[in-house]
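Those sequence lines, one after another, are chains A and B. Under our numbering, the residues of the first sequence are numbered 107 to 544, in order. Under our numbering, the residues of the second sequence are numbered 12 to 557, in order.
Please keep in mind that the hints were generated in silico from the structure rather than gathered at the bench. No false leads were mixed into what you were given.
Below are the EDC-like pairs computed for lysine to aspartate or glutamate, each with C-alpha atoms no more than 20 Å apart in a straight line:
#1 236(B) <-> 374(A)
#2 239(B) <-> 374(A)
#3 189(A) <-> 43(B)
#4 239(B) <-> 366(A)
#5 348(B) <-> 359(B)
#6 138(B) <-> 229(A)
#7 170(A) <-> 90(B)
#8 145(B) <-> 246(A)
#9 170(A) <-> 179(B)
#10 365(A) <-> 234(B)
#11 91(B) <-> 427(A)
#12 348(B) <-> 542(A)
#13 304(B) <-> 327(A)
#14 239(B) <-> 358(A)
#15 235(B) <-> 366(A)
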Amino acid sequence: MAIYTKEEARKILEKAISFSTADACVINLNGSDSGNIRYARNTVSTSGQRSNQTLVIQSNFGLKSGVSTIDEFDDASLEKVVKRSEELARLSPENPEFIGPLGPQNYDDSSTFSEATANITPEYRAKVAESSINPAASKDVTAAGFFNNSAGFSAMINSNGLFAYNQSTNVDFTVTMRTNDGTGSGWVTRDFNDISKFDATEASNAAISKAVLSREAKAIEPGKYTVILEPAASIGLLQNMFRSFDARTADEGRSFMSKEGGGTKLGEKIVDERINVYSDPLNTEVPTATWNSEGQPLKKMNWIENGVVKNLAYDRFWAKEKGIEPVPFLSNGIMEGGDASLEDLIKSTKKGILVTRLWYIRNVDPQTLLYTGLTRDGTFYIENGKIKHPVKNFRFNESPIIMLNNLETLGQQVRVDGNLIPYMKIREFTFTSLSDAV
Amino acid sequence: MKRRKFIQYAGLGAGAIMVPSLLFGNTISAEELLNPGMDILIKKNMADVALNTAKSAGATYADARIGRYLNQYVFTREDKVQNVVNTESFGIGIRVIANGTWGFASTNTVSEDGIKTATLQAVAIAKANSRIQKDPVKLAPVASHGEVSWKTPIVKDFKDVPVSEKVDLLLTANAAAMSNGADFVNSALFMVNEQKYFASTEGSYIDQDIHRIWPTFGVTAIDKKANKFKSRQALSAPMGMGYEYMDGLDSEKITGPAGVQLYRNSYDMVEDATAAAKQAKEKLSAKSVDAGKYDLVLEPNHLGLTIHESVGHPLELDRVLGYEANYAGTSFASLEKLNSKNFQYGSDIVNLVADKTYPSSLGNVGYDDEGVKTKKWDLVRNGILTNFQGIRDQVHMIGQNESHGCCYAQSWNDVQFQRMPNVSLEAGTEKYSVDAMIKDVEKGIYIAGRGSYSIDQQRYNFQFGGTLFYEIKDGKIVGMLDDVAYQSNTQEFWNSCTKICDKDDYRVFGTFFDGKGQPSQSSAVSHGSSTTRFNGVKVINTGRSI
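Okay, chain A solo, but in the shape it has when bound (with noise of 0.2 Å):
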C-alpha cells in the first residue's frame, strides 16, 4: 500500500526533520499504486501494475543546496537520507538564485481523491477493454486503446514550519478505432478524478461512430478555412500558449510575451476580447492540489481577460528580483465557454471543417508562438449548416494567439486533460498541405 494517510504522512515527514542540522530543509513525500491496460487488434497486448514511494530531502548551507532521495522509512533511513542531504549540500556550488523555503501557509482543501477511483481492480481494466473491443468487433472496426488509473499522495514540510498533504485519483482514457477496409478512424479521450463519471462504452461508441463516419475521405486543397476544433484538437495550442505565460522569458526579451523595445505584453490586448482563461484549483470539474511543489497556495487565477493579458507567472526568484509577489504557474487551464452546442456551431456553419484532433503538434517559431501539426481520426467538411462529407487529413502551421484572435464563437465547455476548454469556431486557420494517412 503506497498511500499514506495525513497523519502517516506527517509522521514520517516530522520525524525527518527531526534529524536536520541545516540552515534550511524542505522534505516532500510522494507515493502511488496504478494499473493499466492495453489493447490494439481488438485483443488485449501489454498491462501492467506499478507502485512507488518516494522522500526527497533538500538540505540548504546558505545557497548551497544537496537533494537525497529514499524510498525506506524506519527512523535510521530517515536519518541516513537527512545526513547524506546536508553532506551533498557542504559539497555543491553556490546557487545565487536560492531562495529559503516558506513559511506556514492556508491551503484550501482540494477535491482530487475519489474512493472508487482508488479501487480499480484489473477485472475493472479487462472489462473497458471488452467494452471497446465488443462493440468494435461487431462493426467491423478494430480498436486500439488504453487505459490507466492511479491513486497517489503528496505531502511536504519544511524547516520554516509549513506542513501539506494532498490525495488524488486519476483515469485516462483513450481508444483509437479504425474500420477494417483501413479508410476510416475515430477517437475519443477522457479523464477524471472520479470513475464514476467514466463510461467506456458510450466513448467507445462515440469513437467508432467517428471511424464510420469518416470512412473514405475526399481530397479537398489546403488553404485558409473556418474551423471548428472540438476541445481534444485546440488543446495542444492552448496548453503551448499557457505553458509561455512566464514572465522571466518575457522579460528577458526571448518569448512572444515580450514587448517591443523591452518589457512585458502584461495589461495589453492578445486576443479576442471574448476570451477570458483563469485556472481554479477548487473548480469541481477540473480539481487539482491547491499547493504546488513549492508550497505555495494555489488559488482562483485570471491569466486572459476579455483578451487582455491579466497575470504572468512570476517563480519566486524572479518575483524577488521584480519586487512583487510570486505568482505561481496555472495548476489547470479554464478557458470561458458559451451556450452553444456541437451541432449548433455546424448548423452556422456555410462552409467550414470539423476537427477532431490535432496531433504532432510542434513549435516552429517561438517568436510567433507558431506550431505545425495534422488533423487526425475524423476531419470532416461542413456545408450549409450541415456534415457533407470525410475530407483527408491536413497538416496545419498556426499559432494560437492568430487562431484566437480570429475568434467566431465559443462553445460549450468540456472537460480534456485536466482542463476545461469550449468547443470553438475559428475563421482562416491555415492549413498548407495534405496528408494521405489515415
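Since the structure of chain A is provided, determine the placement of chain B on it from the hints.
Below, chain B without anything else, positioned relative to chain A:
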C-alpha cells in the same frame, strides 16, 4: 510528474526543452555512482527466483530484468551552475506468458519475497487478461546464450571524471558564447549508465554495461529594439560513448559549407558555443526564405531526424501490424508493400540498414531486452522495401522465424517492446565530397542540424526545420536564410534522392528521447548518413507577424 521534476532540477522555465524520463531514480552522491552494485551471482539467484516462481504459478515463459540505472546531469546558464544531479534506480521487472497472454509487474524490493510477490502479480494479470485474448502469444525461437556479458567500449567512464571538470567545461562554453554576442545560454551534460542483467526461461543470463553521453546547449541572441530573438542549438550528437566524446579532437572535425564546423566522434563544445553565438546573431538579420521548390543538401546531423521519422518509425513492425494504432499510429508501409518485393521506397541509390552493432551509436548493445543477440539487416536495398524491425512475438506474422533483436524497455519498471534500432542511410559508393555536391546545385538550400519536426500518424506527410540554413545559387553558398521549413511525402522525398556523399562524410545523429508506447517510454537511437541531395522539395516560409 517526471517532466515537472526535470524542470525543477534543470531550473528551466516552462516551454524549455522537454526531457520526460531522465530523472527516473533516486538522487545519490557522485561517489556512490562508483559503487559496483549487486554481485552478479546474487543477480542470477534473484532472477532464478522470478523464473521459478513464474513457472510454478503456471507461466509457460518468463524473463526477469534486474536493472541499475546511474545517471549524472549538470545544468548551467550563463555564469551559473543551476544543478548537478546524480540518480540511481534499482529494481526488477518480470514478464511472463500465462494462458497465452503477457503479464508484467515490477518492484524495487529486490529480495526473494519482493520478487515472488511481483512475479505472482504478473502471472495474475496475464490470467485475468487471457479471458479477452484472441491471439495467443507465439515467440520466435532464440538461442540459449548461457552466462554472457557485453560492455560499451568506452575509453573514459563519466563516473571517474570529477564533477568540477564537467562544470568548468560547461561554464567555459557559456563564457565563450557570451563573449561572442550571445544574450543567454543554457547548457547541459547528460551521462547515462545502464547496468542490465537479463535472464529468461530460455536459458540465457546476460550481463550488460551500457554508456551514453549527450552534451548540449541553446544560445539565444536578442534584438530588443525590434523585439526579435533567435536561437542556435548545439551541433553535438548524443552518443553511445564515454566521456572521451568531450575531447574535441581535431581529427574528428569536419568543416562544412559556409565554414560550419561539424563533429564526428569527438565534440569541441567551446568551439561550437563560440560559433553558435555568432550564428545566432547572424540569424537576426538573415534573409527570410522565398517559398518554393529547392534542391536540398542535407547534412547528417540534420538528415538523421528525417531518417528517424520517415524511415525508422514507418518500418517498425508493431506499427505496421496496428499495435501502436492508439498512440504513435500505424504505417503507410503495409505488409502488402513488403510482400510485393517491388515497393519503391526510394530512388535506386537509397540503401537503408538497421544496425544494433554500429560502434559509438546509441542503439549499440550486445543483446536486446529479450535475450536476442543483436545484428545488422537491410530495410531498403536499391530503393526497394525489403524488411521491417520485429521482435520475438511478432516476426511470425511476417513469415519469419528469427527476431531482429530490437526489444527494449527504458527501465526495470517498464515492460519491454519493439523499439527502433539504429536506422542509417549507407554512404555513396563513388568518391563525392560535400563541396562537389554544392557545386552541382543551381537553386538549393544547405541545412545543418536539427529543428522543428512533425509527421502524420502513418508517416506520409512531414515538415522539418533545421538549425542553420544557407542559400545555394549556381553552385555557391550565397548567404544565411531564415524561416525555412520543408514539407514532403515520405515516398516522394526518398525517390527525389539523387546524390549521396561518400563515407568520408559519414557520421551519426542521435536522440535520447524517441517516444513510443502506453505508458510512454523513451529510447535512445542513432542514425548515420553522409550529406545527401534531394531534388525539388517544397519549402515554406514560417515567418508570421502577431
